[in-house]
Amino acid sequence: MTLSGNWFLALAAVLFSIGAVGLLIRRNVLVMFMCVELMLNAVNLTFVTFSKMLDDINGQSLVFFVLVVAAAEVVVGLGIIVSIFRRRPNATADDLNMLKG
Amino acid sequence: MIHAAPVIILLPLVGFFVLTFGGRRLGDPSAGWLGTLAVAGSFVASIVTFLGLHSLAPHARSVVQTYYTWVPVGGLKVNVSALLDPLSLAMVLFVTGVSSLIHLYSISYMKGDPQFRKFFVYLNLFVFSMIVLVMAGNFLFTFVGWEGVGTCSYLLIGFWFDRETAATAAKKAFVVNRIGDFGFLLAMFLIFAHTGSLDYHGVFAHLGSVSKGTATAIALLLLFGAVGKSAQLPLYVWLPDAMEGPTPVSALIHAATMVTAGVYLMVRVNPILALSPNSLTVIAILGVVTAFYAATVACAQNDIKRVLAYSTISQLGYMFLGVGSTAYGAAIFHMISHAFFKALLFLAAGSVIHAMNDEQNMKKMGGLRKYLPITSTTFFIAWLSISGIPPFNGFWSKDDILGAAYHKSPVLYVVGAATVLLTAYYMTRQVVLVFTGQARWVENRPGVEGARAASVSSGHAASAVSAGQGGDAAGGHGGDHGGPPHEGPWIMTLPLIVLAGASVLGGLIDLPFGKVKFLDTWLSPVASGAGDLATESASLRIALLLVTLALAGAGILIGSRLWGARIDRPALEPELLQRSYYADDISSAVLTGGGGMFSRALSVVVDNGIIDGAVNGVGRLARWGGTVVRRAQTGYVRNYALGIAAGTVLILGFMLVRAS
Amino acid sequence: MASLFPLLSALHPVLAVPTIDRLVFAVCAVIVLSGALGVVLSSNPVYAALSLVLTLFGVAVLFVEEDAQFLAAVQVVVYAGAIVVLFLFVIMLLGVDRQESMRSERLPAQRPLALLLGLAALGELLALSRLTHWSTAPRGASGAPATGGGGNTAALARSIFTTYLLPFELTSLLLIIAVLAAVVLARRPGQHPIEPPSLVETEDPNMPMIGSDPDEEIEGVRNVDAESVAFGGGRGPQ
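Protein chains in written order, with this note's numbering: chain A, 1 to 101; chain B, 1 to 660; chain C, 1 to 238.
Treat the hints with care, since some could be wrong.
[As the list claims (entries may be wrong)] Estimated spans, in silico, between C-beta atoms of each pair: (1) Met98(A) x Gly150(C): 29 to 35 Å; (2) Ser4(A) x Thr162(C): 52 to 58 Å; (3) Val628(B) x Val85(C): 46 to 52 Å.
[Stated by the list, open to error] Covered stretches of chain C (chain A as the covering partner; in silico rule of three or more C-beta atoms under 8 Å from a C-beta of chain A): (4) 42-54; (5) 81-91; (6) 117-129; (7) 150-162.
Note that these hints are calculated values from the structure, not bench results. Quick reminder that beta carbons are idealized off the backbone N, C-alpha and C, glycines included.
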């Protein structure tokens, strides 16, 4: 008997929360981005687990697309970061505070 | 024949409109004649209607003519309707009759006044309102007339509105009236609530369901309204000041018609009063106290019109005494008698003032009998009538009331009798000061023997300046009175003569002897009270009669002896009486002082503090809320991300709750 | 080890599972979690990137364990191989390897709250996974079996190229756009200035414009107060 899928789900949940907490705590923009990747991975793991549990290939197709989009997102995001950092080399997430009411 | 009734109401209204819109084209005397003809036509129509009503059987003499459905709302059905019954016809007859005479008089009295046409416009409107008041078939329509006469009184008292005293007096009259109207309104609400109707017939039919307490409340509230309109204590203060208006106005409104509206109302609602003996007692006491009070004040007045004003208040008090003693016929009789002799007194006084170049201070008159024969003769007749000397009408009517008062309570009789003494006294004082004795004005009048050779204009100026209290600036003669005082034209003297004749013969309508009690019999279907019935023994009646006669004679004697000798008697004219027990001073101090404080309190505390504070407070609350919430907008992305995380937790929690 | 089997199975059903699966899962879980913690807790971004690689590998192994072999391969090649390398490029290029001070936290209550919310979310997720009745029917809605018909890759291919053909095409388009974006974004200022599109109304002259010199006065662009722009101009943290 294979390992019950619940364990994988639990692992994915833990990974997701670690990623979320990391996003909230870190100030370095790139590290925040990496935490987002962590969360995406957790989601991928969940989908694959369900695909296995439900014996349905759709879960994996979805992961496929998530992977593609994540790649594109990283490309664009890093491009933005590069163009920002040209101007302000010391930018951190806390510099975005002009919306202070 | 009773179908002539609408004409009575409409003619003065038509006159009003024609004069308002076309009066300028008519020109001065013609406008006055038109107004007079309108009212005279109304008088003729009322005679016709009276004959028509008279032809009906006594129990059928209560006809309601509905002209227009006015308020058909749910349970409240009020129409523009007229109630033709003995009381309303009696009222409308003397109202239109006296009004026509006064209109006629005014044509000459107001000659030369730049607002001549406006005067008749207002007069016609007034007569219309008064007719509506007495002929209305329901409380609400009566109230329309009630308010109408109040408004016209304001307009007419303040006719010479550029005089500040006149404008103030007009406002005072209107405001005091309105205070009384409040009582009338409340009474109407109560009446409708308890009887479900405002028609006189409907209300009187449903009185069975009204408790004694409610009836007393209604009666007292209506009394409050009547007190305002008929200038009884405590709402009498407007009437003396109302003498600022032209003399015909004083004669018409403040002697014969408007002030009698209160008495009329009381008589009209006598079925309600019958349910509440306490209210009758209150009315009687109020009437007799007012009568005595006003008589005392009249004894100390120097202005010829003010004496008559207080006299009116006093005589109205008698009428209320009559109502309170359930002698409704007697009250109406006295009302009619009073209308005749008081209007006569005022018109004659107007003639005197006219002759004296607008001088109104009696201390500056004297010896006018020689120069104004018709005026003085008619004035004497009225004087004797008001003092209660037979065979003039005042004697009969006053005696009826006093007899009924004695029947109710001897104390009322005593006070009433004392007032008889005072009435005779002050009227005699007036007659003596004005018409007999030394002519104290001679020095100021060139052209009269014994006069200084003063220039024409200074004489006029001097007398105009000395027109102290509320000079009745009759536009009259466009120049100075160079010669001796003289009578006015026939237009002015004819009404005097007619009214004098009415005073002489007026007693005939209600002599207290069985078969010839015409008025009482006529009124009995609608206003019969126990007081009208001669239940006392004849000897008692005659004894009372003699007592009052003796008192009247004594008053005349005292007055003539005291004032014929000397005109300067400060002891008999104390300041207290001259200023009418300081009533005006007290009320203005209390009301402006206390009222001012109250309004200031309201303005500062309630308006600024509470209301504005609440409104501003809402704004401040919103701003404070905003300031608080604003702190959540730190601007940091990570804080906002925290918010998102919190939201996620909440959503998961919701799903959890749903799942479990 | 086989003798331990019945003993272990008596303790907990999961312990009765074949050892290899358990072992692999346990080891990979440790790898994944330690990588994740490394990402979050490292002050040096390079260390964080390397920890990310660790996590990605661990996830890839788990994919294999769940019979998603193709995805495991793609994960390694794309994610660990390309994306993380890209991250490292940027870190090195921009010199962001400066260590972020982990000690100070300027925003009040951010850390405690973050931990609290994270734990709460985790707890709720776990509870949900326990309480909710997952559908355990062998097939999902579109009913394509994961196994059979030539293995995992074939099944995946079948699904992508038939059911999800349109999304597939769209994602290829997306990739092209991403490439374009990267080229444009990374362009050095001063090269071929482009006319700003008229759509852009509010512009902070300090903000780096697409392909234009931030200091250059551009016609048609209003000078707007810095306050109105989201990204602050030149000021450090207050």
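Structure-based check of each hint:
Checked against the hint of 29 to 35 Å, the C-beta distance between methionine 98(A) and glycine 150(C) comes to roughly 56 Å, which is inconsistent with it. Between serine 4(A) and threonine 162(C) the CB atoms are about 31 Å apart, so this pair departs from the stated range of 52 to 58 Å. Checking the proposed 46 to 52 Å range against valine 628(B) and valine 85(C) shows it holds: the Cβ atoms sit about 48 Å from each other. Under a criterion of three residues with beta carbons nearer than 8 Å to beta carbons of chain A, the stated coverage of the stretch 42-54 of chain C is upheld, 5 such residues being counted.
Counting residues of the stretch 81-91 of chain C whose beta carbon lies closer than 8 Å to any beta carbon of chain A gives 6, which meets the minimum of three for the stated coverage. Counting residues of the stretch 117-129 of chain C whose C-beta lies closer than 8 Å to any C-beta of chain A gives 8; at least three are required, and the coverage claim holds. Restraint check on the stretch 150-162 of chain C versus chain A: 6 residues with Cβ-Cβ distances below 8 Å, three needed, restraint holds.
The earlier numbered hints that this structure contradicts are 1 and 2.
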